[in-house]
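Peer 1: Each chain, written out:
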Amino acid sequence: KAGVTQTPRYLIKTRGQQVTLSCSPISGHRSVSWYQQTPGQGLQFLFEYFSETQRNKGNFPGRFSGRQFSNSRSEMNVSTLELGDSALYLCASSLVRQARGTEAFFGQGTRLTVV
Amino acid sequence: DQQVKQNSPSLSVQEGRISILNCDYTNSMFDYFLWYKKYPAEGPTFLISISSIKDKNEDGRFTVFLNKSAKHLSLHIVPSQPGDSAVYFCAATVPGNTPLVFGKGTRLSVIA
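Residue numbers (the working numbering), protein chains in the order written: chain A, 32 to 146; chain B, 59 to 170.
The following block holds chain A by itself, in its conformation from the complex:
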């Protein structure tokens, strides 16, 4: 079956702009989580969506937002981009809500560069 699909794979944006990233989870998976990966910080949790509702949120400013649609596809939006937002953004899907024993399946990520 198809894996987690993230689009676009690469993006270059200018400071102050906004960006929307998309994630299509594995068919049947209802939970989508987003992570930011930077060289200095590793993977940091942004938020989790399940059944179109945000269930958990990491320690990121309000410029980072997301949503989930009825087909479980998810988008994340970053407004007023800053240079420090340059990172690999990873989406992970799981059958049910993240819990011990539940494996998260990651997409290939979207590489965002802010110039």
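Possibly wrong hints are sitting among the right ones.
[Said to hold, decoys possible] Straight-line Cα separation of at most 30 Å, DSSO-like style, residue types lysine-lysine; simulated pairs:
id	chain 1	residue 1	chain 2	residue 2
1	A	K44	B	K129
2	B	K114	B	K126
3	A	K88	A	K44
4	B	K63	A	K88
5	B	K129	B	K114
6	B	K112	B	K63
7	B	K63	B	K114
8	B	K63	B	K129
9	B	K129	A	K88
Keep in mind that the hints were calculated from the coordinates and are not lab data.
Position chain B against the provided structure of chain A, taking the given hints into account.
Peer 2: This is chain B only, laid out in the frame that chain A set:
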């Protein structure tokens, strides 16, 4: 405040030898631990996990050891193969529907 720490950014091992990747954690509420492997230009993939009620879990060439008193876990790969060259992330979670907390990763290079 890094709750999951992987203090070695990189590790080089010869093919056929043992690779040992280490991970320390500070949150005593963590009760489930996972290792993920990541190749360049790919997302992380799940490798192996361990519950806090165990101290060892094996899956083929991969074994994870957990020392709760030291808040330390390690991943052993025996024998190491060139295809194991990747970044390895340690992750942990507390009970309930909570997100994974990841370390910064260790880059393993297996030299033929």
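Peer 1: Decide, hint by hint, whether the structure agrees.
Peer 2: Now for the hints, and whether the structure bears them out:
1. A:K44 - B:K129: 41 Å, violated
2. B:K114 - B:K126: 11 Å, holds
3. A:K88 - A:K44: 25 Å, holds
4. B:K63 - A:K88: Holds, at roughly 21 Å.
5. B:K129 - B:K114: Roughly 14 Å separates the two Cα atoms, so the pair holds.
6. B:K112 - B:K63: Since the Cα atoms of K112 of chain B and K63 of chain B sit roughly 21 Å apart, the hinted pair holds (cutoff 30 Å).
7. B:K63 - B:K114: 20 Å, holds
8. B:K63 - B:K129: With a Cα-Cα distance of about 11 Å, the restraint between K63 of chain B and K129 of chain B holds, given a limit of 30 Å.
9. B:K129 - A:K88: 26 Å, holds
The structure does not agree with numbered hint 1 stated previously, though it agrees with all others.
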